[in-house]
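There are 2 protein chains.
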Amino acid sequence: MPKFFLPPEEMQDNFMVLTGEQYQHAKVLRLKNGDAVTVCDGRGTDCRCIVSDVSEGRISLVVQSRDASLAEPAVEVTVYMAFPKSDKLEHVIQKATELGVYAVVAFPSARCVSRPDEKSLRKKLERWQKIAASAAEQSGRGRIPEVRMLPSYAAALAEAANADLPVLFYENERSRTFRAAIEAAPGFRTAALLTGPEGGLEESEVEAAGKAGLNICTLGSRILRCETAPLCALSALMYAAGEF
Amino acid sequence: MPKFFLPPEEMQDNFMVLTGEQYQHAKVLRLKNGDAVTVCDGRGTDCRCIVSDVSEGRISLVVQSRDASLAEPAVEVTVYMAFPKSDKLEHVIQKATELGVYAVVAFPSARCVSRPDEKSLRKKLERWQKIAASAAEQSGRGRIPEVRMLPSYAAALAEAANADLPVLFYENERSRTFRAAIEAAPGFRTAALLTGPEGGLEESEVEAAGKAGLNICTLGSRILRCETAPLCALSALMYAAGEF
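Line by line, the protein sequences are chains A and B.
For the first sequence, the positions run 192 to 435 when our numbering is used.
For the second sequence, the positions run 192 to 435 when our numbering is used.
No lab work stands behind these hints: they were computed from the structure.
Hints may be right or wrong, so weigh each one.
To be verified - Between beta-carbon pairs, the in silico distance windows are:
{"no.": "1", "chain 1": "A", "residue 1": "329", "chain 2": "B", "residue 2": "352", "range": "30 to 36 Å"}
{"no.": "2", "chain 1": "A", "residue 1": "243", "chain 2": "B", "residue 2": "433", "range": "50 to 56 Å"}
{"no.": "3", "chain 1": "B", "residue 1": "394", "chain 2": "A", "residue 2": "257", "range": "27 to 33 Å"}
{"no.": "4", "chain 1": "B", "residue 1": "278", "chain 2": "A", "residue 2": "375", "range": "48 to 54 Å"}
{"no.": "5", "chain 1": "A", "residue 1": "308", "chain 2": "B", "residue 2": "363", "range": "43 to 49 Å"}
{"no.": "6", "chain 1": "B", "residue 1": "404", "chain 2": "A", "residue 2": "366", "range": "37 to 43 Å"}
{"no.": "7", "chain 1": "B", "residue 1": "377", "chain 2": "A", "residue 2": "301", "range": "21 to 27 Å"}
Note that the Cβ used here is the ideal one computed from N, Cα and C, for glycine as well.
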């Protein structure tokens, strides 16, 4: 069933209207009277609706039922990613959204080769949020993951450490497995998965993460690219959490 | 430690030489006498070597030891992917290689929007094999995954069915989880993960897979893009197999 996201303030109890971009999308799908669609507030609520009128520029819907989205995972997993080259971050935002991520947070680290300046950041965040919204729509999510940028590595550690299951993946870690960290946090509800930039994290950064309370784990004996590691970890964690 | 792949016929017992592309790669790394490198036959054997001479166009190595690669997973997982648009297949080849795939096999299915003709196929296979080789080198693999194309969906089913754990992922499957299939094949050594094209598999194709003996499984309640599904499944399976 086609899915549309509306801003929470446009969600109504009995009737709703698709305009603008959503109307364009509906037009491509050739929606007609009587078709069923899902309208979602992007915060976990799905409304089942029926098309009641199609006019130029607006499609009217009658709300039939309203439920918590079934497409949201039971666990809230946030990906913390050292700021990579822009196309890689966009790739991770799109794929992590499909895979059920709760939020994607970028942060600077010592070996980051690029980071956005203050000026371009607002525009970029807008663009990233759009990528998340579009991937959420296509994958049938009930939530649009938030995309944020933190000002420092220390801020990322402090925030990540609050999760029930906070993990940093380090290619030089050989013995401590992700599985061990997951099994040591039974019934976890929130997880933070932190990965480094193209050039890796510095040893001192990894030490700081350990002191902040993060589990330092391996993702196996192969070196993963910076955009592969968070998606591999996220896939594995959703599996471990019983999502599929 | 830098890693180089040599064709098995160029592997020698005591001395080896890097020329051509491998020499160029070594030059970028500024290798000098006494540096340690790994030379791999791409079939699971790693040789630890020491640089003994650097000349224009050739770098000589002395072999110190020879071992089965530690970077190869204990399970052989083959990804069978309905032929997608070319950039997506290349993406999957690169990422699946990093994640430890044994082979990547493309096949045609009813809703495939593109498929290579006989004429272009040989060139494409060459290109895909190079992508696998390059990703294997960068991720430190001990094997270069083979990339192949099968002539029909039936051929893909017949081959996949030979694995200890053969699975087809279908977005309309709701109840049977990947976990259930994995747990029903304890001690599996080989796995086949089959996924559909952009437009999905047809119901009759899914039925045929079930008859051929494949497990029909869900990858969760979110719709994954055709290039995301095999990588999600591969990550989860490597986790389930105890790789990390």
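The hints, checked one at a time:
One distance hint, 30 to 36 Å for the beta-carbon pair residue 329 of chain A and residue 352 of chain B, holds here, with the actual separation near 31 Å. The hinted window of 50 to 56 Å between residue 243 of chain A and residue 433 of chain B holds, with their beta carbons roughly 54 Å apart. The hinted window of 27 to 33 Å between residue 394 of chain B and residue 257 of chain A holds, with their beta carbons roughly 31 Å apart. Taking 48 to 54 Å as the suggested C-beta distance range, the pair residue 278 of chain B and residue 375 of chain A does not conform, at roughly 40 Å.
In this structure, residue 308 of chain A and residue 363 of chain B meet the distance hint of 43 to 49 Å, their C-beta atoms being roughly 46 Å apart. Under the hint 37 to 43 Å, the C-beta atoms of residue 404 of chain B and residue 366 of chain A, about 38 Å apart, fit the expected range. The given range of 21 to 27 Å is broken by residue 377 of chain B and residue 301 of chain A, whose C-beta atoms sit roughly 44 Å from each other.
Taken one by one, the earlier hints fail for this structure at numbers 4 and 7, listed in ascending order.
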